[in-house]
Every structure is written in structure tokens, then in C-alpha cells.
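Colleague: Chains as they are written, first to last, in this note's numbering: chain C, 194 to 527; chain P, 194 to 527; chain U, 194 to 527; chain F, 194 to 527; chain A, 194 to 527.
Calculated directly from the structure, the hints in this document are not laboratory data. Do not take every clue at face value.
A pair counts as met if it fits within one copy or between any two copies, since identical chains are not told apart.
As the list claims (entries may be wrong) - Mimicking SDA-like on lysine to any residue, the simulated pairs with C-alpha atoms at most 20 Å apart in a straight line are:
| hint | residue 1 | residue 2 |
| --- | --- | --- |
| 1 | Lys525 | Ile472 |
| 2 | Lys524 | Leu463 |
| 3 | Lys525 | Asp226 |
| 4 | Lys462 | Leu375 |
| 5 | Lys468 | Leu518 |
| 6 | Lys523 | Glu465 |
| 7 | Lys252 | Cys227 |
| 8 | Lys524 | Thr380 |
| 9 | Lys252 | Leu312 |
Computed from a predicted structure; not experimentally measured.
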Amino acid sequence: MEKSTSPAPPVKITIINFDSTGFHEREVRRVEDCYQVQKGEFPAWINFSRRLENQELEKFGEHFDFHPIILDSIEDPILRPRLQDFDNYILIVLSAISFNPETHQICADKGIILLGKKLVITFLPKEELFTAMMEWLRELKTTSHKMRADYLVYAILDTVVDNYLVTLEQIWEQIDSVEEGLLTNPTRGTLQLIHDLKQEMISLRKSIWPLRGVVGSLTRLESPLVNQKTKLYLLDVFDHITLVIDTMEAYREMLSGMLESYLSSISNKLNEVMKVLTIFSTIFIPITFVASIYGMNFQYMPELTAKYGYIIFWVVILLMSGTMLLYFRKKKWL
Amino acid sequence: MEKSTSPAPPVKITIINFDSTGFHEREVRRVEDCYQVQKGEFPAWINFSRRLENQELEKFGEHFDFHPIILDSIEDPILRPRLQDFDNYILIVLSAISFNPETHQICADKGIILLGKKLVITFLPKEELFTAMMEWLRELKTTSHKMRADYLVYAILDTVVDNYLVTLEQIWEQIDSVEEGLLTNPTRGTLQLIHDLKQEMISLRKSIWPLRGVVGSLTRLESPLVNQKTKLYLLDVFDHITLVIDTMEAYREMLSGMLESYLSSISNKLNEVMKVLTIFSTIFIPITFVASIYGMNFQYMPELTAKYGYIIFWVVILLMSGTMLLYFRKKKWL
Amino acid sequence: MEKSTSPAPPVKITIINFDSTGFHEREVRRVEDCYQVQKGEFPAWINFSRRLENQELEKFGEHFDFHPIILDSIEDPILRPRLQDFDNYILIVLSAISFNPETHQICADKGIILLGKKLVITFLPKEELFTAMMEWLRELKTTSHKMRADYLVYAILDTVVDNYLVTLEQIWEQIDSVEEGLLTNPTRGTLQLIHDLKQEMISLRKSIWPLRGVVGSLTRLESPLVNQKTKLYLLDVFDHITLVIDTMEAYREMLSGMLESYLSSISNKLNEVMKVLTIFSTIFIPITFVASIYGMNFQYMPELTAKYGYIIFWVVILLMSGTMLLYFRKKKWL
Amino acid sequence: MEKSTSPAPPVKITIINFDSTGFHEREVRRVEDCYQVQKGEFPAWINFSRRLENQELEKFGEHFDFHPIILDSIEDPILRPRLQDFDNYILIVLSAISFNPETHQICADKGIILLGKKLVITFLPKEELFTAMMEWLRELKTTSHKMRADYLVYAILDTVVDNYLVTLEQIWEQIDSVEEGLLTNPTRGTLQLIHDLKQEMISLRKSIWPLRGVVGSLTRLESPLVNQKTKLYLLDVFDHITLVIDTMEAYREMLSGMLESYLSSISNKLNEVMKVLTIFSTIFIPITFVASIYGMNFQYMPELTAKYGYIIFWVVILLMSGTMLLYFRKKKWL
Amino acid sequence: MEKSTSPAPPVKITIINFDSTGFHEREVRRVEDCYQVQKGEFPAWINFSRRLENQELEKFGEHFDFHPIILDSIEDPILRPRLQDFDNYILIVLSAISFNPETHQICADKGIILLGKKLVITFLPKEELFTAMMEWLRELKTTSHKMRADYLVYAILDTVVDNYLVTLEQIWEQIDSVEEGLLTNPTRGTLQLIHDLKQEMISLRKSIWPLRGVVGSLTRLESPLVNQKTKLYLLDVFDHITLVIDTMEAYREMLSGMLESYLSSISNKLNEVMKVLTIFSTIFIPITFVASIYGMNFQYMPELTAKYGYIIFWVVILLMSGTMLLYFRKKKWL
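Bound conformation, chain C alone (with noise of 0.2 Å):
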């Protein structure tokens, strides 16, 4: 689990205002832009490509009232998914994540939702997950949902659950691909793949119980910030997030399970190995000796000048040859 680092660029503000007919969507420059939204019976949605620098945070809070914790929770790099609501405002943070299938490693991102009266304000460093969210959205024009900030919100959350179903998705692939040669033919790579995704099991596990937590706090949440047919929607992001956590158990335990057969399968092979080794030691080493014995220079060795010795040399080594294989075949090693 990789935290993405890369050098910060500028902050990108788009501000999207909902109507009865759909939604415009534009970006602005300057932080004091968005003061002039939301007004009208429809919501405004403010998001923010990534954190914004102390001071104007201070002040973007100040205009829209945040609790001074609402601001320590963006500033923090460390916090886990949580949900807090503070009246004028409901505080989500969450973690997004997405999977790259070549290096197995998966990028986890803080994002974090604040649903106000008609207002929904997000720091979504995740591109992608903006990008999707706005298709969503361009999909939705067409239909005549009137759009609610909460909606909006379960919107948001319902992506990012998405976005992990379609990670274990992914993973599942590298999982499948690995499963088919590990018992038949183990190599070292296949190893580290099991070592690899069972680590990212782990971190990945990190980020989504707490999601649960806070999309079920958020069904059970009473507020006027939440209307409770949106509950009934949440309810269906809540059942997905159990679906990606009893997946994410299913695979660690395939993974733990194709270890373990892979641990088998090497003893089976080392197994094999010392048949072989054992096989020809067996046989060939006391045939050397006999071999050796004649070769000895002693004066009187009246097997030397026997007439058919050396014919008896060879019967006796086939003797013994053949006594070991048929102890081997009864041992079922042959």
C-alpha cells in the first residue's frame, strides 16, 4: 500500500450547481470563487483537487462555519475513515483506493466528504474517482431525479465502494492466474506474487472496516442533513461494502491456502528429488565397491585367476542392481 507522493500541483476548484434540468459544472482559480455559491433550491457541489494550504483553509472555513476539528481532520495525513456530524455539517473522511495490476501495489488516497444544508463540499485527491463521479452525473441528466445534497453523497460513496469491487476484480485475476500453475508447476515468481497480494490483503483490509463503520453510522444517523429515503440507497453502498470485505476474507484465506499448498508442493518435489538421489546412490554404490575390490593389487586374490570371474562379477552386480529395485518398487518409489 503505497501513499501517492507525488510533488503537489496547483489546486483545482470545481464548483457543479444542480437546477431542475441538470447540472453546470465550472472550475475556478481562487478559493474566495466559491463563496458565491450555493443558493436556489438545488445543491452546489465544491470540490477540491486536493488539500488547500493553511491559510486559505482557515479562511474557506471561517466563510462556511466549520468546527475547528473539520478542519484539523482535512489538514491530518493520518486519519482513518470516520464520520462525525456537527450539526450545520455531516463530516465523512474515507479512503479510495485503486489497484495497479503490474507492480500489485495499491494506492490509497484520504477523501473526504462534508454534507452541509444544500451544499456538498469534498477533497477527492483521486482523479479517477472525480472523473467517474462526473459521468454519473451526465448520465443522471437524462432522468429527472431531483437531486438532493445527501443523494449526492451516497452518489460519491456508492463510487468509491465501486471502485474497490472492481480492485478485487482485478486482484482476483492475479489470483486466478497464479492458482492455475501452483501445484503443478511452482516457481519462485509465483511466491512472491501469494507474499505480495496477501500484504495488500492486509492494507487493504486497514482502509475499508472503517468504511463500513461509517456508512452504517451514516443509515443510522439522525439528522436532517439526511433524508431517509437516501437511507434506504446507503443501505444498499453498506451491503456492498460487506460484499467486499467478506471477498477480501474469501481471498486472504485462498491465499493463505495456496501458501500452504505451495509449501506442500515444493516438500513434494524435494521429496521426489531424493527419491531420485537415493535411487542411484543405493544401486550404484555398493556395485562401485564390488568394483573397486577387484581392482585392489593384492598378491593372492584367487577371484582374479578364476576362470569365469569376471562373468561372476557381472551376475552378482546384476544380482544386486535388481535386489534394490525391486526393494524400491515395493517401497512404491519406482
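Given the coordinates of chain C, assemble chains P, U, F and A onto it according to the supplied hints.
Modeller: Just chains P, U, F and A now, with coordinates in the frame of chain C:
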């Protein structure tokens, strides 16, 4: 665990009407033919052999007054088993399985049950399941139960769970056959089989645990659609699910134990192979050395010309071998 | 864990009537003979040695006013231990075991207890169990307890649980005997025994855990059929079950520890074997090479004709061997 | 874990009376001598060094008005720690341990405490325990606590739990001494010791977990026999028990970790042994083959009569050995 | 985990007084000098660098009106983290750690915080901790928080927990450096390091789990000493502790995974070593046997005098070696 992904056959719609004497089954072609259903004192049951096309589904849903989330649930292919109460309908999503003993593959399919007022609508993609239900109904006809919609749902759930028990029994046969030769004659196929069965157990657990939650919730649900008497029968299903889970957990542990024993057995065998090799090597390597000494061509080697040289050589060789054999007996290697 | 599947013997029906002085036991042939039972101030106990035929059972159930689910439960062969309160009867399904120390097989049988008003009806297929109960009753006769139906049920449960404790004690003896020679002289039989005992523990757990739930529920049950005083005694049974579970878990962990130690011990032995092989090989292989050099037939080999060639050869050989021995001593292989 | 099974010595009955200045201790012979006890403002304490004979016990129980279940509990040798409130008495069953560092045996004994109104009756078979309590009382004498019966019970429980902590400290010394040489110089004794300590931990857990429940219940018990102030002290005992459990669990995991490391260490050693063997074999086996070639007696072998044959032989031999050594260095075996 | 057991230095008593502009720090020699403290609107903080002597402590406790259990808790060296509310004080026992990356030793010290009315009394044996707090205070001075006693306690807890996070980061660096060479080049030092880190994780868990309970209780505590606003900050500390625990658990699993991979890697290496040995042995042992045959001195050996004997010998040798090499290639050993 494989999702059955055969190319979609044309949807088969079956309508079953109950009356005081039994039931009438008929098959219809078009979704619209279902709209006349649902009259009188006794319940009706509509079963679809697979998901409908989106448009058909929407029309169907409109006619029968489905909540949008019900439509979403029918469409969503990855939903895990769950229960949701929409006043006019109770939605049950479940996972039905079947086991192919030859490939050791468990095939899981999502089924959907909608329990309405005197109406049950089901999407059961697994044909066996539907056939089993029909047989159950035919047997029932002779006895004079007054059919109720919730009792029908109980029967479907019972059939699904029975299928799990049958699957477990088939798996048990596999486990039993593996265990027989485990410690005396473990083969590579044994390892593969244990590995496969373990992975299947992990998949199975993903289906059955949420099903337990579903049936548990159903027995506690306060809804006019579920009769108090039926709940007593549902407790029976719940009990069977718990039995499935207990059995499954026991199998999993047994398989883990078998893998451990397999590994121990392999270690044992390796040990035995190594002992054979060591006994042969440690006996023959020294005496071969002695023989090779007297194969040397030094001019001055008094032993070679000694009268009893060759006989003494044999005495020494036998003494050396004897000593080694005694040593091995003391070490209990023989 | 084997289900006892001997061919069904003719059912044995025993009726025990209690009065103020003790109890009368008599055996009847036909189910109808039970119908006269159940009169007066003291309870009666009817025991069946096995399940009845379906028709007989139905008649019997009709006479004694059984709920259909009670009949289902008696027929269902795979029911797990459970408690269900049908106002006129309390149904207790339990699992009674016995251990065969020679085959290391635990035999489990389903037993059924129906606690009614001044009436106990039981299906106890395990004869030992019934015999043990009769003995308990005979001993009780002298003391002047006023027998109650619920106290009788307590006695049966206590007898069943005592049986578990006896079984565990027998298993303990097995474990203890295995442990003795575990680290010093492990054999293949040891592995088989540990494996068998582990698998038995897993089966055992499947029986005892639900039994705990049953007795626990019974102590909390609000029913006129269970007296408050009896519940104090039932707490004792509950305590014994908890002891069984604790002991069983401890045994399981001990067996796991023993398997680990067995494996370590095997590894140790392998190591020892390999050391012997390596010591012999690394000493004799080089000196055999030296000997084979001077067995070569090159025309020009000055060492062969040197005066002290042979003596120098021996000096070299001894130096080489000595160096190796010192090396092994330094490595602590000797 | 061994039950101490020394032949029953004659029971020793000690009566301790408290007054405002301290306490008086006296030993009596007969059970009847206890009956005069229990008067005045301060509590009395009767301790039995072992279980009474059944008849004596019954008489004793009758005099002090024991519930039949209390008598059963005193007689039952296998009872696990528990708490039961019989209005006039609180029954505490506990398990006291002591550790013999030489045999690595933990000896556990059941103790019983009956807390009545101004009366404490105990059966403490472990003499050390009683001795420790007496010392504690003697020290207390100088300070002017007004002794209460429940405070005395607290003191006994505290002494019992302290004993666990002392035992754990002794076990820690064992663990520590094992860990020292674990990775550098593991011996077979190491394995035996780890195995023994692990099994002891499993037994220990069986004693301490229920004790935690007992003390926890005692702190929550609503009874006139237990003062609110004493409960604050009991919380301290509870805290110490939790410390015992935490420490024990940590030790168990440490021992598991040590066993794993031991196994890894053995594997490492095996690897090292095999490398030595392989290096020697792969260097000497080929060159011995070369030497044996020139020991052949073929008539036509031009090399034998070549002028520099023998020297070229040595060059070849050294080149072969050198190549192998380079190969091993590349493989990092040297 | 080592308890720091340096010989007790003279106790250092530091008194910090807050006022509206900041704080004043002074050091006093005698315990009595603390008695003048605690006046005015703002809180005071007294810190002791180590436990006091018993008599001093008792006097001190008397002056500040401590409950006897508070005194016991300060004296008790083995107390685990806990929270107790004595109306006039809240007692917090915690465990502060520091990590020495060179010895891989985590050093844990018990700290005690007493939160009174406008008064905080602490026993912080870890100097770093106190120094960190002072720095925090100095930074705070410039900002104009109105200091409250409970906020100060929050700051201490936050500092302690931050220390855990720093320690985990240091441990992470260790883990990361180990993981790098784990599969490609495992050494014995790797094993030692993994073993040490695993044992440290076990110790760490013993400290952090109860701390979580302490802070959790503090956020739920109904006490006039803890302000509602401060609880929001304490939730932040709680969140960080949960992060510590999650991270720790993830590390533990990672280390377990690494140990498993290390073992697999060793097995792999052993396999490779054995293959080399087997390839060499099985090629050279048979051909050496052939060579030794023609070193025999039988009078009648037709091959020796055959014209192309020697050349045929070489052809046979090469054929044999070639066959073996093909066999190994087929087995994928080469």
C-alpha cells in the same frame, strides 16, 4: 465457485395458481400474461427462469407496484443474500448452489423471492430448484394444507437449504475418500483435492452466512405478510442453516487437519528416504575407501604382499560394516 | 464420528410410574399400551428405544396432543440439539455420545426429550444412557425426593453431560499416552492417533456447543413446566457443559501443539540423519579421491616410486580427516 | 497441569476470630468445635485444610444452614470456578495454582469460599495459600482496619491472584532463558521446554478465565453481604486478573513465535548442512571420476604414456575444482 | 519489552502555572513546596519525574485528599492502563513507550495522571514525554487558548499516543528494510529481526489495548471534571489509538506473512541445493562405476584388450551422461 454463465435462454414464465383442491400450473410466453393473475382467496406464484430485459422488467415492476430498489436488486448481478421489507413486498435475495462432484466445482446462482399479498414472484435461475419445488407441491396436493404465500416462501427457502445439505453430503464423501489413503499412501492428487475442497469451503461460506442472516431476520420480522405459524417453520430452516454452517466449519477444520497430516506424512517419508540413503552411504563409502587404498600403485605397500592380506581386508570390511549396522540399530534407524 | 447404523431392532417401550415410595418399571409391547399412563399426583416416564414407524408415531402424537413440528423433529434424523417450547410440551433435542477407545471413534446419537405436565416422553436410542438413568433412579428410591417431571429431565441431561465428561477422560488417557513418547520416540502411529483425536474433537464440538445453548435456554425459560428450584440444578448441568467445552478446547490446542512438536521432532531427526551422512561423506569422499589418484596407471608418477610415498599418503589422509573432524566440532555437529 | 493427589491427611480446622485489636487463631480437632464460633461484632473465619467426610460435611452444613447445592459444590471435585448467591451465603469456587519450576508443572487445586454474615468458611487445600493469608493478617494487625467478612474474602482472592502473577513471573524466567539461545544454538531440550510451557499455558487458561468471571460478577453483585467499599478493592483484583490473562496470552503467542523460530532455525541448519555436503560432493565426485578413468587397465590409453599426462591430469583437476568453487561463490553458498 | 530499571535519580518536581497570557514553569525540591499551588482561575500542573517515597507520597496524598486506592495505584508497579473516577479526581494510569531502533527494544513506562479541579498531577517517568509536552505548551503560548485542566490531560494523552505512532513508523522502517531482501536473499539476521519485531508487537499490544479502553471511557465519562468540548478532542485521540491498533495488527500479520515467506524461501533454496547435488551425483556415480569396472584386475576381461575399448568406453560414458541430462531437462530441473 463458478458463476453459471451459459448463454441466456429465452425466459420461461410459469404461473401456479392454488385453490382449495390443489394447484394449477401453466406456462406463459409474454410478461403481460402475468397481469391477470392474483385473484381469489388462495395465493399465486409467478416464476421467471431468468432475469427479464430491463424494459420488460420495468413495465412488470410498474404493474405490480415495485419499489425502485426492488428493480435495482433484480438487475444487480453481484448482490449478496439479504432481506428488505417494502410494506407491500418482502424482498429476499438468496444464493442457491449445486455441486459437481467430478470437477469439485460449486456453482452458485442468485435467486430472488418477492413475497406480496397472496402473491409470490420468484426469479430462480437454477432449474433443479424449481423442479424440486414443483415435486414438493405435487406431493403436498394430496394432503389438505391450505396454502399461504408465506408458507410457499418457507418451502422455497427449505428447498434451497436442503440443497446445501445435499452438497455438503457430497463433499463429505469426497473428504472421506481422501482421508482413507491420507497417511498411508498420500499422492499428489490428494494434495490437489484437499486444496480444491478447502477453496470451495471458503466460497461456500460466502453464500451461507448472509443467508442465515436473511432467514433469522425473517423469523423476527413484524409484517402482516408473514404469519406467526409460518415463523415456527422458518425456525426450522434457520436451524438447518446453522447445521450447514456448523458442518461446513467442521469440514474446513478437518481439511486443515488433513493438510497438516499430509505434510507430516510427506516429512515422514522424506525422513525414511534419507535414512535409506544415509545407511547405504555411511556403510559403503568407508569400505570403498579401504578398497581404493589397495588399488593404489605404490611400490612399497607391505599389506599387498602379506600372506593373509586379502583375507584380513575382508575381515576389516565386515567389521566396519557390522559396527555401522550396530550403530544404526542403536539409533533405531533399522 | 460415526452414526450408529445397526439394523433397527424392534422398538422397546418402557413405562416408569413414580409414586410416593419409589417407582415401578414395566415394559410394554404396543404403543397403545402407553395411553393408560399419566394419572395421579406423580409423574410418569415413557421411553422408546428407537424412533417409531411414521403411522404409529402419528397416532401416538395425536393421543398425546403433539404439535406437528414435534412430530417432524422426532422424524428428522439430522436435527441438531435444540429447545422449543410448545405450551403443553417442551421439546429438547440432544446429542448423546459414547467413545470407543480402541477405534478412537465417537458415536453420536440424537435423543429426544418431551417434558409435559407430569409426563416425560423420551426417545433414547443409546441403551447405556437409559441403563445409567435407571440405576440413578434405583439409588434415588431410598432417599425420599418427591419426584417431579422437570427434575427427571434434569437427571437425564446430567447423565448425558456426565457421559461427555467420561468420554473426555478416556480421550485424555489417549492424549497422555501419546504425549509420553512424542518428543523422544515419535512413530507413524503417533501421527495417526493425533490426527484421529483432532478430527474427533472437531466432531465433538458440533454436538456440545448447541447442547450448551439448549440447557442455557432451559434455565432462562419462563414455563410452568420448569420449576424455579430445578433451574438451580440445571445451572449445575450448564456449568458441567462449560467445563466440557473448556476441556475440549484445551485438548484441541494441546493436540495442535503436539502435532507441531511432532513435526519439529521429525525435522530434528532429519537434521541428525543429514549430519551423519554429511560427516561421513565429507570425510571419506576427499580421501577416497586421494586414494584413487594413486590407483592411476600414468607412467610417470614420481610419488609412486618415492621411498616413503605410502607412509606420506597415510599422513596426508589422517591430516585431512582430522581437519574435517575439527571443523565439525567447531560447527557443533559432533 | 497435575491435580495434587497426595493421600488425604487428617483435616486441619483453623478458627480465626477478629476483634477490635486484632485476631486470635486456634486449631480445633472436631467439626463440632466450630459451632460455638460466630458471635459479636467482628467476623470469624473457619478454614478446613481439605474436604470433610460426607457425613461430617452434612452435619456441618445443617448447622450452618447450607443450601444442598453448596454441599454438592464442596463435594464435586471437578467444579470450575464460579459464583452463586444463596441469600444467606455467597459461594465462591476458585482454582489456586502453584508452579514447580523444575518439573515445569503447574499444580491446580480447587478452593471454596463461603461468605456469610460475619462469617467466612473456606476450604483451602493449598497450604501455601493459607500461610500467605495468615502472614497478611499478622501484618494487618498493627494497622487498625476494622475487619469485615467481605474484606477478608477480597484478601483471599487477592492472594490467590497474586499467586498467579508470581507463577507467571517464574514462567517468564523460563521463557527468557529459552529465548536466549533459541536462534543461535537450539537444542532438543529447547523444543521440549517450549512444548511443555505451551501446554501449561493452555491449562492455566482453563483456571483463570472463569476466575475472571467470578470476580467480575462479585463486583456487580447486589447483596447485603458485599459492601460497596469492598467492591472498589475487588475491582483491583479484577484488574490484576485481566493483567494475568493479558500476560498469559502474550506468553502463549511468544511461545508460538518461538516454536516457529525454532523450526526456521532448524530449517536453516539443515540448509547449511546440505550446502556443505553438496559443495564437497560436487567438487570431489567429478574429479574422482577423472582419477578412476586413469586407473583403468585398457591396453590402449594414450594419455597414460603421454609425457606430461600426470601433470595435465592435475591441471584438469584443479580447473574443475576451481570452476565449481567459482560457481558456489556466485550462488552465495560460500 | 524492557522495563527501564535505571537506579532511581532524585525526584524532579516541576510546577507549571497557567494564566491568561501563558504559563510559568518552575522546579521545586521538596514535596511540601507543591502545597501552595492551585489557586486562581487557571489550572496548575504538578509533574513528578518518578514515584515518591511511600511516606512523602502519603503526606502528599493527604494534603491533596487522595482516596487510598489512588495511593495504591501510584505505588503498584504492575498496574495496567485504567481509568477510575473518584469524584474529586479522575485517575488515569497509562503506559508510555519508546523504541530503540538499534536494539529493537520497546521500553514501556507506567505514567499516572490525576485530573482534579483546576489541577493536574502527573507522574511521568519518561523524560521525553515531559519534554514533548513542554514544547507543545510553549508553542501554544502564542495562541490564546484559555487553558483548562481537562484540555491539558487531552494534550498529554495525545502526546503519549503520538509516541506510539512514531514508534510504529520506526518499526515500519525496520519491516520495510527486512522485506526488501526477504525472498531474494534471506539471511539468518532476517529471521532474528522478524522474530524480534514479532515479539515486540505482542508486548506493544499489551500496552495499547487497555489504553483504548481508558480513552474510550473518558469520552463517555459523566464528570464535571471533563468538559463536553474536550470530549470531541478526546475522540480524536481515540481515533488515533484505533489507528495504532489497526496498524499494529496489520504489521503483525505482515510479519507472520514474512516469516512464512522466509520459510518458503528457505525450502526453495534447500530444494535448489538438493537438485544440484542430485544432478551431479546421478551423472557421475554411474560413470564412475563404469570406470572402476575397467580398473579391475581380472585376468580375463575381453574389453580391456579390444582395439577400440577405450573409445567405446568414452562413447558409453557420454551417452549415459547425455541421457541423464535429457531426463533432468524433462523434469525441469535444469
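Colleague: Provide an ascending list of the numbers of those earlier hints which the structure does not satisfy.
Modeller: Hint 3 alone not satisfied by this model.
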